[in-house]
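Novice: Listed here are the chains, written in short residue letters.
4 protein chains.
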Amino acid sequence: MVIVMAADATQKEIEHVVERLHELGFKTHLSTGIERTIIGAIGDEKPLRDEPLEAFPGVEKVVPIMRPFKLASRIFKEQDTIVDVNGIKIGGNRIVLMAGPCAVESYEQVMETARAVKEAGALILRGGAFKPRTSPHKFQGLGEEGLKILAQAKEETGLSIVTEVMSPQHVEMVAKYTDIFQIGTRNMQNYMLLQEVGRTDKPVLLKRGMSARVEEWILSAEYILDMGNFNVILCERGIRTFETYTRNTLDLNAIPLVKQLSHLPVIVDPSHGTGRRSLVIPMARAAIAAGADGLLVEVHPNPEKAISDGPQSLIPEEFGRLVEEVKRVAEALGRQV
Amino acid sequence: MVIVMAADATQKEIEHVVERLHELGFKTHLSTGIERTIIGAIGDEKPLRDEPLEAFPGVEKVVPIMRPFKLASRIFKEQDTIVDVNGIKIGGNRIVLMAGPCAVESYEQVMETARAVKEAGALILRGGAFKPRTSPHKFQGLGEEGLKILAQAKEETGLSIVTEVMSPQHVEMVAKYTDIFQIGTRNMQNYMLLQEVGRTDKPVLLKRGMSARVEEWILSAEYILDMGNFNVILCERGIRTFETYTRNTLDLNAIPLVKQLSHLPVIVDPSHGTGRRSLVIPMARAAIAAGADGLLVEVHPNPEKAISDGPQSLIPEEFGRLVEEVKRVAEALGRQV
Amino acid sequence: MVIVMAADATQKEIEHVVERLHELGFKTHLSTGIERTIIGAIGDEKPLRDEPLEAFPGVEKVVPIMRPFKLASRIFKEQDTIVDVNGIKIGGNRIVLMAGPCAVESYEQVMETARAVKEAGALILRGGAFKPRTSPHKFQGLGEEGLKILAQAKEETGLSIVTEVMSPQHVEMVAKYTDIFQIGTRNMQNYMLLQEVGRTDKPVLLKRGMSARVEEWILSAEYILDMGNFNVILCERGIRTFETYTRNTLDLNAIPLVKQLSHLPVIVDPSHGTGRRSLVIPMARAAIAAGADGLLVEVHPNPEKAISDGPQSLIPEEFGRLVEEVKRVAEALGRQV
Amino acid sequence: MVIVMAADATQKEIEHVVERLHELGFKTHLSTGIERTIIGAIGDEKPLRDEPLEAFPGVEKVVPIMRPFKLASRIFKEQDTIVDVNGIKIGGNRIVLMAGPCAVESYEQVMETARAVKEAGALILRGGAFKPRTSPHKFQGLGEEGLKILAQAKEETGLSIVTEVMSPQHVEMVAKYTDIFQIGTRNMQNYMLLQEVGRTDKPVLLKRGMSARVEEWILSAEYILDMGNFNVILCERGIRTFETYTRNTLDLNAIPLVKQLSHLPVIVDPSHGTGRRSLVIPMARAAIAAGADGLLVEVHPNPEKAISDGPQSLIPEEFGRLVEEVKRVAEALGRQV
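First to last, the protein sequences are chains Y, X, Z and P. The opening position of the first sequence corresponds to residue 2 in the numbering used here, with each subsequent residue numbered one higher. The opening position of the second sequence corresponds to residue 2 in the numbering used here, with each subsequent residue numbered one higher. The opening position of the third sequence corresponds to residue 2 in the numbering used here, with each subsequent residue numbered one higher. The opening position of the fourth sequence corresponds to residue 2 in the numbering used here, with each subsequent residue numbered one higher.
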């Protein structure tokens, strides 16, 4: 940690900071420049996390040097984490496709989609039974009834299930039906929920918050790892920008960046990530070229009848084309789908 | 609602949309321009909320005309809502000051601050017992023990209490100690939590999400109102921008804007809103000049010993100066503190 | 254009707007809903561009329906524009690589880089002689002397040249040396400069402004087309987001989006777009997978000696690897490099 | 400057950086922590500005300690700069009001507005003769003819003039008519233009770029100061955020922040800053409460006939009310209007 003193800091103020650092077990280096003094603090930064050094008189700025996450970091664990979902390996050489409707609407809708995406190559079925919606006046999902439909689809097709959990009280119940918990973008910093899924050993797909920095996203994963559950899959789903032609801006830079900073697998949701059907296929190709370990794609047998997010859903035929194109890119780079 | 058809939409596609609108009970107006056709849909927009018209073939864009919130809207309720907290009126002519430490650390720290802010003119004591922190390795609050300290401070000083609740399971327990529930910025879209506090009749202070649009913020309030609890106070606490010299960018435009769109009272948190002690007083003055109904200010007897957010805390003496300056602005504009 | 009247607009206010629209040659449709009236205006929207309808009493919102660009639009010109630079076709099936140092520093540095990038497969040499720098205390480029070095490199290697022009007064002079004018991100809305290059018939590479929406970027291209010069190449170079681990966030969504909205070719600069050497190759691959027509890459023989932007420059060897990987992705999708 | 080495940096890489720093005349301090080494460089940071230390092998991050601006800094010049415009002092105790139409349209329009704003208390008349517009198909201003109208208004009313200059070639010509050059938001980083007005001694009103950080804005001022012209007035005019109900988000935090970082005067444009007439007066009051030295307000005798920006223009009567309310706030804080 580096403490930059104000240009007009007094000698006494400098000494006061140095003393406090020594009390906390740090060694210090003073660099006295022409305009200001800089104090380097050497030692474990953790005890400093809650010490408000910026509130000390004469301190202008505190510059942390260490990354604030540990368990999720590549430095802590060098090899790629591979999350195992009923034998499906996420984070390995094979790219994993997850597909299905945004919301579970009926048994027929789920089964029709499940069969179609399975045939095209998906291994995991997505579908929301609990839907966080910006307005209370919109469809909020079928709840447990929806989870039962997903479980039936699993039985009949052999696909594994990923579905959202919105509240700590529901974790136990949702766990009975799903293979992967999904944490949605609005709940990326719902820490009580993160801790609750962290207490299970079920895989967690953690969506990036819509305005979150990569560091904050990894720190949210750290909450889950910190409870003992290392089966975390990160999912980039688009960030908010000034653009108005798309609903979100899919941030593919995050893919190689996460891979460099962390050992966790990372997948991409090009459907929410763009919000426009016509962009889903090109961005799915680009995600794989950037190094993503999988895709989460919205597919609906009849998007114009979808209760939620129709405009970004592919029909099964389009999803088939997506798989074809993604396969070609993956193979060109030495990976399989 | 206005449906803009693509330039190359076919006659059949246009008719298909029109038919569906008629089925939903709308009257329609067709405007056939040189380049494209526009369909106006007249009627109650609510059934359209879940109809993905943008997924219909030939549709380019759907432009909603109505605001998506209703109960929170000025159109629904013309007069200002005044929230009553033990006789303190929030939203009336008198500006209400809430102050106290970011986190509850000890009985002594809370009492020292409580007495000082009461003397300076605050009516409500703030302090967090549950602290949502970006990293799991930081201080997470004293929990119920902290709430008990706040309750004691209330008994000894007569100040009312505002404190954060982070999870639906805690609502009942927190309700025993607090006079106002605070919903933090990271939980603005934690809908299960909003619904749970909406089931009580206790006042709720709803902080704006750090990247939320004003419409989304009001829609989150709508979740609470929709459950029957109209005692909602909005709190602007700074948005995320590209600025690096401040922690957040306090958005004062939101004050007159919310006042025009909604009947709910709105207060300002200049401490989190800027993250820099030297900006708190000028921005507090500006907030009142913009029309805020109150302020939420961090005060700590010894910011350099604060466990959380020291850099933005005022010492009691500075808070006294803030009250003085705010009073002068308020009186110049015909309000009291 | 759709004019949404306020909920409390009077009959007289509605009539006043309708009259004005008729004066301007529009036909109007009135949709009288329960809460408010909506006026549809049919006719050429252009005369409305400068009519401040939102300032009319009783008007709440004006919703334009037409896209504001015309010449740059796919509707105006359906086929892809192919820009010809000394026989190199930009916008066709072959992906064009432009590479070279950020700033021209010396004859040796330029020649060494030029030979290396040519060998790896680049057809166009990039290099700045005029450098817009955030601070006046940083290196501002060699000016015309730098242009002469580029011209020499062209003569000796046969590579074509792209270099930045910063001011209308320099257009004539820079034109003597370069094959493509580059307009930098800070000058995307320097309209006098856009018009000046629009008066020539030389190709223009227009970088996206660092916070520009896609519509604004295309409108800036429209300024050049409007002067008669249709040889415009759009270049995505990263937008500003909240991310702090990268310098910019390369927005690949813009590639398929521009391709759908406009007929102009679009290339990608993964060097400025990320600002981190370790992200350049994965993002270059992703750009091609998303459909980009070319790449603009910073290559420096010795990045640690570079006067500007060393941290994002590849060494020639790394550029060779980039070309290899990009080639594989391109071929998988039926394109050549 | 602090250089953070990567966790896996070799001893040789560390020595290589240290050697280079010594060559540049720095003294260095090494802090060898458990995980990584940090190098403190002491000495004048300026020669380091163009040294790409981040490109050195083994370097992870370079953290500058000094602020990059000098002439504009409070450290360089402690007292407030007061800019004198024909005897009007900008930056002193008296708040200066500048008002007028967005665009100069005709002699009558300008004269009517000029008389009205003068009567209400404005000292400076604003009005654009050169208008930078996002689309080439919109009104671009009357050019020199417009400047002549402004000059006439000056003669007849005694008001001083502020008007925009868009290109270095026009500086000499515009100087004949105006008292203050305005640099618009899109040209904040048009460095050739900044340098050209920096070569004159006429006051320059520098608008903040619509996505600029405060540091970048001050650095743009630094370009002007660096040419010898210290008569710079900063003008906050709203930044781009995700908000859709307003055109821009006026950032009042910038006022006290600039005052702390720099000696230059700073004024506020609440008209462009919000884009909504109903927000202009409350935000004008708030700007003064935050410490602004003046206001730039759009006033038009008939906003619905305005060629540009009608929706945010006040009518003269509303401007009169603004002056009244601003006066009350100013006086409460010990300043005059």
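Honestly, the hints are just simulated from the structure, not real lab data. Some hints here could point you the wrong way.
Note: identical chains are not told apart, hence a pair may lie in one copy or across any two.
Stated by the list, open to error - Capping the alpha-carbon separation at 16 Å, the derived lysine to aspartate or glutamate pairs in EDC-like fashion look like this:
# : residue 1 : residue 2
1 : 155       : 20
2 : 306       : 20
3 : 139       : 217
4 : 203       : 325
Note that the structure is a prediction, hence the values are computed from the model and not measured.
Novice: Give a verdict on every hint.
Specialist: Now for the hints, and whether the structure bears them out:
1. 155 - 20: neither (62 Å within a copy, 37 Å between copies)
2. 306 - 20: between (67 Å within a copy, 14 Å between copies)
3. 139 - 217: Between copies only: 14 Å across, 29 Å inside.
4. 203 - 325: For residue 203 and residue 325, the Cα distance exceeds 16 Å both inside one copy (31 Å) and across copies (40 Å).
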